[in-house]
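**Student:** Each protein sequence line maps, in turn, to chains V and X. With the numbering used here as the guide, the letters of the first sequence map in order to residues 2 to 423. With the numbering used here as the guide, the letters of the second sequence map in order to residues 2 to 423.
Treat each hint with caution, since some may be false.
The list makes no distinction among identical chains, and a pair is therefore deemed to hold if it is satisfied within one copy or across any two copies.
[Said to hold, decoys possible] In silico lysine to aspartate or glutamate, EDC-like type, Cα no more than 16 Å apart, as pairs:
(1) K59 with E127
(2) K78 with E213
(3) K300 with E362
(4) K78 with E207
No lab work stands behind these hints: they were computed from the structure.
2 protein chains.
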Amino acid sequence: MAQKVTVSIINVGDELLLGIRTNSHLTYLGKQLSFLGLNIGHCQVIPDQLQEIENSVKTAQLRSEIIIITGGLGPTKDDLTLEGVANALCRPLVYNELIFESIKKRFSQLGREISSIHKNQCYQLEGSKLLMNERGTAPGSIIITEKSLIVLLPGPSHELNPMFINSVIPYLKKHFRLSKKPAYVQLRTCGLGESSVEQKISPILEKYPNTEVAFCVHLGIVDVRISMKNEVSKPDYLDIIAGECRLVLADNFVGYGSVSLAEVIYHELRERQQTLAVAESCTGGLMGNAFTDISGVSKVFQGGVVCYANAVKILQLGVPEEIIEQHGAVSGECAIAMASGVAENLTSDYGLSITGFAGPEGGTKDNPVGTIHIGLYSPVGIWAKSVRYVGGRLDVKARAVNSALDWLRRLLIKGKNSFSGN
Amino acid sequence: MAQKVTVSIINVGDELLLGIRTNSHLTYLGKQLSFLGLNIGHCQVIPDQLQEIENSVKTAQLRSEIIIITGGLGPTKDDLTLEGVANALCRPLVYNELIFESIKKRFSQLGREISSIHKNQCYQLEGSKLLMNERGTAPGSIIITEKSLIVLLPGPSHELNPMFINSVIPYLKKHFRLSKKPAYVQLRTCGLGESSVEQKISPILEKYPNTEVAFCVHLGIVDVRISMKNEVSKPDYLDIIAGECRLVLADNFVGYGSVSLAEVIYHELRERQQTLAVAESCTGGLMGNAFTDISGVSKVFQGGVVCYANAVKILQLGVPEEIIEQHGAVSGECAIAMASGVAENLTSDYGLSITGFAGPEGGTKDNPVGTIHIGLYSPVGIWAKSVRYVGGRLDVKARAVNSALDWLRRLLIKGKNSFSGN
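Turn these sequences into a full structure, and let the hints steer you where they fit.
**Tutor:** This is the structure:
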């Protein structure tokens with residue numbers, strides 16, 4: 002039973018505490034480190050202040066073998082990370098002309114002139130190993146102390162992410178004994194509440210000692226993570242438990258890991274060589290975007306129509322004017338006309354449509370804000386259904402998309418199961 | 002010179018450290034608290050573990066007057082926040098039958114049966130004030146200790162956000178002396194690098210003592226935050242500085258605060274009563290979605306076509322087949338045909354189009370992965386331009402959208418300035 006190596010993250014940046022930027026670094030690093038079987042035990046988000054940086058490093062050194070610090074490596078005055086870490090470790094900063102040369106080279110390739118401000122970025126901690134930045138000017142670095150390994154990474158994601166993949170992961174693999182399988186198994190579900198999911202799976206978990214379970218709810222989806230207490234070494238055991246849970250979850254099981262509803266649909270359609278098009282009113286492109294986040298989706302996804310104005314519903318999708326007049330644009334009738342219209346006009350096997358009032362304005366007595374009608378056109382039939390959500394505009398949009406995708410997913414899975422005789 | 006009241010945030014949840022969920026609570030609370038002139042000084046993200054919760058509360062008590070803890074109030078076994086806080090404060094938990102009754106009532110309205118698992122949610126810290134949860138079962142609470150005010154909030158955003166607005170903000174307003182203006186001014190820019198923005202504005206900042214500046218770069222946008230050291234009391238002063246910065250930033254200034262590019266376009270078009278439609282290939286709906294995040298956008302946004310397949314470009318947008326054959330679907334010629342096609346077919350004054358290779362697959366010798374062509378149709382002319390980005394698929398999509406939006410924004414602003422004689 003190997004104890005897990007623990008990692009502390011320190012995210013430096015006023016913008017994270019002021020709510021201007023979301024801390025996507027924690028999400029990214031958490032996911033990457035989990036794949037390596039490493040555990041983030043703690044994360045601190047701190048302002049661009051020298052004393053805070055120094056204190057956070059000292060705190061992290063007391064608890065973790067690996068410390069990853071993001072942000073504050075840029076050329077501007079609020080970039081204080083190097084200095085803060087130097088203070089915490091009582092190590093000097095040294096000027097490195099090679100960094101300046103490399104920034105100069107990068108700038109000349111881009112046709113830009115280097116300015117003296119970039120000299121600020123040409124320092125490194127004594128004895129540190131520099132990490133090349135393919136996408137920006139600030140190099141990252143790795144410092145080894147008696148207590149821990151400290152990794153400094155630049156703030157912009159498009160600089161941090163490739164540096165982590167190309168330089169940090171190989172370094173960690175070389176210097177730490179990492180497990181090959183993730184330290185947990187995650188099952189994604191849709192269609193059940195958190196407590197219902199727990200009730201379904203807890204008889205299984207009770208059979209197996211030392212299992213730990215955690216739930217995470219987001220926009221109609223419940224993720225279940227199952228892990229073993231303080232162990233990284235029994236992946237097969239976890240797979241058996243996950244398989245049993247999958248069975249009792251039945252059609253509510255979406256997939257393992259963080260597979261999206263759109264990805265499940267993509268794989269199902271690709272297998273049977275069928276195509277899909279979408280028609281969106283209030284969700285305005287969010288559903289199409291979910292598909293086009295998938296590389297290679299062009300094999301099944303034809304495209305869509307964002308029919309915000311009624312004229313677009315009529316002209317681009319052939320929704321009969323009478324339907325809008327008699328039932329309104331937010332109605333099951335209109336949703337059906339949109340779904341069949343988009344499937345026909347974009348020559349697809351399936352058409353999926355959403356029309357509704359996302360709020361905060363709009364809505365009628367029969368269809369208050371949050372009312373969503375979903376239309377589904379398929380080779381075997383056309384249906385509409387309605388759902389209603391409370392919440393802000395962006396939440397309602399996201400839930401509407403998840404609901405529509407889950408409906409199509411269930412139809413495809415069901416078709417598959419009956420076809421194969423299950 | 003009033004010292005700012007400082008706030009510590011504790012986000013409880015394995016899913017945040019495993020990279021399964023992004024910590025949107027910090028973003029939300031940071032923004033809300035900034036509006037009140039309150040400062041988040043520090044944030045800890047911790048796992049669902051009793052000892053960690055206890056320790057984090059003790060740490061936060063040493064540094065902040067207000068502590069906000071999110072997550073871990075649900076009914077399942079991994080919900081340990083109440084117990085952890087009770088341990089930290091040495092206060093008992095007491096069962097409250099009224100909570101059970103309120104969950105029961107909520108469930109009966111939803112046509113669901115309450116299960117014994119929900120008894121776990123019916124405890125509160127002795128002497129705490131309960132906060133009603135309009136959207137879920139777990140109540141929030143407020144605890145006053147000698148050192149600080151502690152607020153416990155449920156994990157799901159759609160429960161936390163209304164509880165914060167309806168219960169916590171009124172409570173904070175009553176018990177703390179809050180400033181009326183935000184403690185900073187933010188200018189959003191697009192089109193310049195971080196160091197160029199700093200070089201433009203630093204002569205201004207040097208004129209005013211005690212100003213602090215911070216920069217944040219994301220997907221082609223650079224945000225500049227200007228604040229006064231340890232002061233909350235000089236908003237007018239900040240406004241003057243911000244006004245001067247705006248002037249030197251010229252057309253690169255997008256707006257104050259976190260106004261989006263789409264919002265600027267929306268306001269410009271609404272003012273002149275003009276309309277817009279979009280045609281998207283590789284961005285697949287992301288640009289349309291940016292507009293439909295704006296409440297009331299139907300007054301200017303007609304809709305769009307997601308023309309992922311070439312057949313959709315031809316049939317729905319009238320892109321001539323010869324253009325695709327001769328120049329390819331990823332070309333300036335195709336972008337122009339898409340932009341004018343969508344404006345014509347959706348009867349809009351402006352048409353904005355994107356076609357490109359988002360990667361990681363695809364691309365040609367002339368148009369490698371990351372190449373994006375943008376088309377812009379307007380009452381005064383039609384243009385295409387191309388840009389190229391390195392990065393992952395989702396990054397390239399988001400940058401392409403920002404680039405297209407910024408182009409239209411500049412055209413509208415320019416038109417406005419020449420019209421008014423500036």
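**Student:** Hints first: check each against the structure and report whether it holds.
**Tutor:** Here is how each hint holds up against the structure:
1. K59 with E127: neither (18 Å within a copy, 35 Å between copies)
2. K78 with E213: Classified as between; 9 Å across copies, 45 Å inside a copy.
3. K300 with E362: between (38 Å within a copy, 13 Å between copies)
4. K78 with E207: between (55 Å within a copy, 12 Å between copies)
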